[in-house]
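Colleague: The sequence shown begins at 1 in UniProt numbering and counts up by one.
Please keep in mind that the hints were generated in silico from the structure rather than gathered at the bench. Here the structure is a predicted model, which means the values were calculated and not measured. Be aware that a few hints might be false.
[To be verified] Label pairs and their calculated CB-CB ranges:
hint : residue 1 : residue 2 : range
1    : 810       : 768       : 51 to 61 Å
2    : 591       : 218       : 31 to 41 Å
3    : 785       : 218       : 39 to 49 Å
[Unchecked claim] Below, simulated DSS-like cross-link-like pairs (lysine-lysine); rule was C-alpha separation at most 25 Å, straight line:
hint : residue 1 : residue 2
4    : 594       : 680
5    : 384       : 499
6    : 722       : 588
7    : 506       : 384
8    : 249       : 164
9    : 594       : 506
10   : 499       : 389
11   : 249       : 230
12   : 499       : 436
13   : 164       : 145
14   : 722       : 762
15   : 230       : 164
16   : 615       : 588
17   : 364       : 389
18   : 762       : 803
19   : 615       : 722
20   : 389       : 231
21   : 680       : 249
Every residue gets a Cβ at the ideal spot worked out from N, C-alpha and C, and that includes glycine.
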Amino acid sequence: MSVITSTPGQIQVIKRTGDVAAFDAEKISVAIGKAFLAVEGQQSSDSSRIHDRITQLTEMVLNTFTRRLPSGGTIHIEEIQDQVELALMRTGEQKVARAYVIYREQRASARQQTNSNHHPTLQVTDTNGQLQPLDLSALQATVSKAAEGLEGIDVQAIVDETVKNLYNGVKESDIATTMMMATRTRIEQEPNYTYVTARLLCNELVSTGLTFLGLSTDTPENNALEAFLKKGVELDLLSPDLLDFDLEKLSAAIQPERSNQFTYLGLQTLFDRYFIHSNGVRFELPQLFFMRVSMGLALNEQDKEERAIEFYNLLSSFDYMASTPTLFNSGTLRPQLSSCYLTTIGDDLYDIYGAMRDNAMLSKWAGGLGNDWTPVRALNSYIKGTNGKSQGVVPFLKVANDTAVAVNQGGKRKGAVCAYLETWHLDIEEFLELRKNTGDDRRRTHDMNTANWVPDLFMQRVFEDGEWTLFTPSETPDLHDLTGAEFAERYAYYESVAKETNMLHKKVRAKDLWRKMLSMLFETGHPWITFKDVCNLRSPQQHVGVVHSSNLCTEITLNTNQDEIAVCNLGSINLVQHVQGGVLDREKLARTIKTAVRMLDNVIDINYYAVPQAKNSNLKHRPVGMGIMGFQDALYEMGIAYGSDAAVDFADESMEVISYYAIETSSNLAVERGAYSTFKGSLWDQGILPIDSLEIVAKSRPERMFEVDRTQRLDWDTLRAKVQKDGMRNSNVMAIAPTATISNICGVSQSIEPTFQNLYVKSNLSGEFTVINPYLVRALKERGLWDTVMVNDLKHFEGSVQKIARIPEELKAIFATAFEVDTRWIVDAASRRQKWIDQAQSLNLYISGANGKKLDITYKMAWLRGLKTTYYLRALGATSAEKSTINTGALNAVKPATVEAAAVAAPVVEAKKPEAAVEEEGFTQAAPVPMACSIDNPDCEACQ
């Protein structure tokens with residue numbers, strides 16, 4: 001029963017779903033007709049009386065809206081039904097009106113029963129483009145699952161925030177993003193929200209990956225291994241050799257629940273930069289990623305399935321993490337797994353531009369570069385072939401800089417190179433200025449790192465206020481390969497004959513050059529200061545060559561020459577994972593090291609070598625570099641302040657254990673696989689372990705210019721005898737890398753760094769992420785001090801707890817940030833580690849209120865304490881937190897300087913008056929041997 005009537009023009013109806021449709025009068029007639037049928041029965045459908053009544057009532061409703069909206073507009077469907085009821089009552093059809101009201105209630109009840117889990121107005125566009133009701137129960141279940149096992153999570157608040165930010169017709173794929181936005185804004189209030197956000201992200205990327213692989217989205221991740229590998233091989237992204245494994249056995253070993261330990265920053269970093277992808281789709285799932293890397297490292301093992309599972313368990317548990325190139329490329333068609341390459345550039349155009357080519361090829365496959373430029377002749381040196389004069393090393397450094405910019409490691413991360421030059425090189429003064437923002441831009445390298453390769457003799461001359469002579473290597477070529485006493489003797493000879501033989505040279509006051517070194521470090525952050533002689537005198541491989549430089553991050557100290565490009569393969573132990581009940585779990589640490597060193601040794605044979613000199617060197621000496629990360633987290637677990645004797649002792653104890661088991665494991669591998677080819681004649685072969693090599697340095701320096709603690713706790717005599725008897729599989733086994741990215745993956749503090757700030761925004765290639773110290777939050781919660789006021793106080797004081805009166809003093813000590821820890825604690829802890837390490841450490845130095853005096857003391861102390869290298873100087877810059885959103889809770893409301901932005905931002909030292917300028921900045925003459933006291937103490941003897 002229906003009556004067709006005209007429809008008012010331009011009137012739109014808002015449906016209960018939120019959609020808008022044209023006004024349809026026929027639907028009013030149908031609804032009224034059903035009400036009459038309910039009262040008068042089916043026979044009423046043929047009654048002309050009822051037909052006329054329906055028409056009349058419909059016209060009444062239409063007239064109501066045409067009078068109200070003569071030019072058109074919108075009305076809600078409920079409003080139309082209200083007018084139908086009113087029209088029935090006004091025409092005396094009370095029984096029909098009652099039937100209509102009952103009908104409306106029944107329909108509302110039915111809708112409520114049918115759609116109790118659906119949002120009343122919002123619809124979602126599914127993958128087929130169809131509109132479906134927004135299922136609130138599904139949202140609730142998703143968030144609840146992501147919050148399982150986590151405290152302090154308000155599931156309903158996340159659901160409500162998500163719904164509030166949706167719109168009708170939102171794409172199904174955008175809901176997950178909206179949920180993540182709703183959770184990540186809460187990280188500053190409760191650190192556990194980072195895990196919720198990561199789990200929501202994991203759900204989305206697993207769903208996307210499974211769909212790409214042609215699998216159902218509810219397929220367990222471990223059942224997707226075979227499909228993933230086949231797709232990767234089909235797309236020429238993975239090695240076909242991976243399909244030769246027993247995939248059923250490996251699938252059974254995968255543990256998808258381990259993805260729950262990711263922080264949001266960690267998983268997003270993997271997603272953006274590490275997972276295998278095709279046409280922008282990341283189809284590698286988190287646990288398949290760890291298994292792929294493990295399989296790639298186990299390819300040459302006899303029991304490769306067992307070893308792959310062993311490696312997988314180590315990586316996926318975050319007990320240890322391989323370096324970025326290994327994670328990028330393991331199991332691929334070109335498995336370039338090594339982290340660092342060190343080269344020496346010869347003194348002719350063929351060698352120089354051959355080195356540029358090598359730099360490009362190595363950088364393409366994700367290698368970090370360290371170039372030794374010392375052999376290249378200085379400015380105005382004689383060129384016999386052309387009877388002309390050289391332009392020096394600087395123009396070639398500009399080319400190396402631009403090569404690094406052009407080749408950005410396969411589009412995965414920025415290309416990076418560090419140039420090294422010895423302090424006696426005649427171009428050293430111009431080298432110091434390479435990173436300045438003023439001067440001739442053709443003689444500047446704004447993108448390249450630089451480092452000063454400093455002989456001990458120079459440091460002695462600085463302490464003694466002696467003269468220093470600069471030479472060109474074309475006239476003093478042997479200085480490049482000499483170290484220790486032999487260097488000092490030959491250098492003195494050249495000084496004695498320089499004038500009478502018309503050698504190209506320049507005499508300077510050693511302290512003046514030292515001041516300029518520190519001034520440029522202060523102003524530009526470069527060149528870094530690294531120490532040539534201690535690197536060589538403690539090198540196990542000094543019988544076959546010379547260490548001419550370190551690497552990009554100053555932790556690698558390996559021999560280089562024209563035929564050998566040194567290569568190092570890195571990985572890092574997550575130290576906090578080996579602290580149980582407040583103490584170091586040595587048994588677990590030994591197990592981790594046993595597996596980790598084996599993985600690192602495997603890299604050497606599996607590795608893809610972009611240049612032949614690298615393969616020659618790596619297979620001959622087989623160096624690896626096992627390091628640590630999460631040192632600060634371990635201190636938090638033990639309740640130890642970074643700036644304390646206890647922290648220095650822990651640095652000593654933990655590194656001794658790592659050194660012992662790393663050396664023992666490499667020696668055991670030598671029994672299984674054979675010693676490296678140049679073992680005979682090495683310090684290992686002579687029974688001189690890293691701890692023993694300290695004595696070599698002590699004998700080479702004047703008395704009291706080498707102050708290193710010699711404490712030992714373990715049975716080194718037994719290990720020493722074993723190494724001499726069984727040999728070593730690797731020429732070098734330890735080096736502490738910066739771990740800037742892999743520590744993000746594991747959710748711990750990087751390397752050996754103190755905490756940057758307790759609340760800040762971290763910026764990297766994956767975006768900006770709110771980072772809050774979960775250990776601080778836990779400690780404050782235990783004392784009932786964690787609330788909104790505390791969050792806002794942390795924002796106001798830029799992540800520092802020192803000025804928050806409510807926080808107890810013991811917590812202020814434990815949670816002091818990097819710039820609040822006296823620099824001498826950082827140096828002392830590094831010194832204790834260095835005595836156990838056969839290579840070096842990537843050591844950032846944080847100095848608050850940096851001036852010349854502090855830098856002078858700090859870097860002299862680093863040399864005296866036996867450090868081989870230093871890395872970035874972090875001087876607190878004139879940046880501050882953005883506090884305008886302090887009460888809004890908005891994402892990334894707090895914006896103090898990031899770690900990178902906090903690098904040197906000190907006053908510029910005028911080039912015209914270097915001596916006067918540095919004196920003004922506090923470069924005063926220090927005592928001959930600075931003591932290990934606080935550099936902020938004006939009464940300290942070393943600061944006079």
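Colleague: If a hint holds in the structure, say so; if it does not, say that too.
Modeller: Hints and how they fare:
1. 810 <-> 768: 51 to 61 Å: violated, 33 Å
2. 591 <-> 218: 31 to 41 Å: holds, 36 Å
3. 785 <-> 218: 39 to 49 Å: Given a distance of about 44 Å, which is inside 39 to 49 Å, the answer is holds.
4. 594 <-> 680: OK: residue 594 and residue 680 at ~24 Å, within 25 Å.
5. 384 <-> 499: holds, 21 Å
6. 722 <-> 588: Given pair residue 722, residue 588 holds - Cα atoms ~22 Å apart, limit 25 Å.
7. 506 <-> 384: holds, 22 Å
8. 249 <-> 164: violated, 46 Å
9. 594 <-> 506: Violated: residue 594 and residue 506 sit about 52 Å apart, past 25 Å.
10. 499 <-> 389: holds, 20 Å
11. 249 <-> 230: holds, 16 Å
12. 499 <-> 436: violated, 33 Å
13. 164 <-> 145: Between residue 164 and residue 145 the Cα gap is close to 21 Å, so the pair holds against 25 Å.
14. 722 <-> 762: violated, 46 Å
15. 230 <-> 164: Roughly 42 Å separates the two Cα atoms, so the pair is violated.
16. 615 <-> 588: violated, 34 Å
17. 364 <-> 389: Outside the cut-off at roughly 34 Å; violated.
18. 762 <-> 803: Satisfied, since the Cα-Cα distance of roughly 23 Å is no more than 25 Å.
19. 615 <-> 722: violated, 29 Å
20. 389 <-> 231: violated, 59 Å
21. 680 <-> 249: violated, 42 Å
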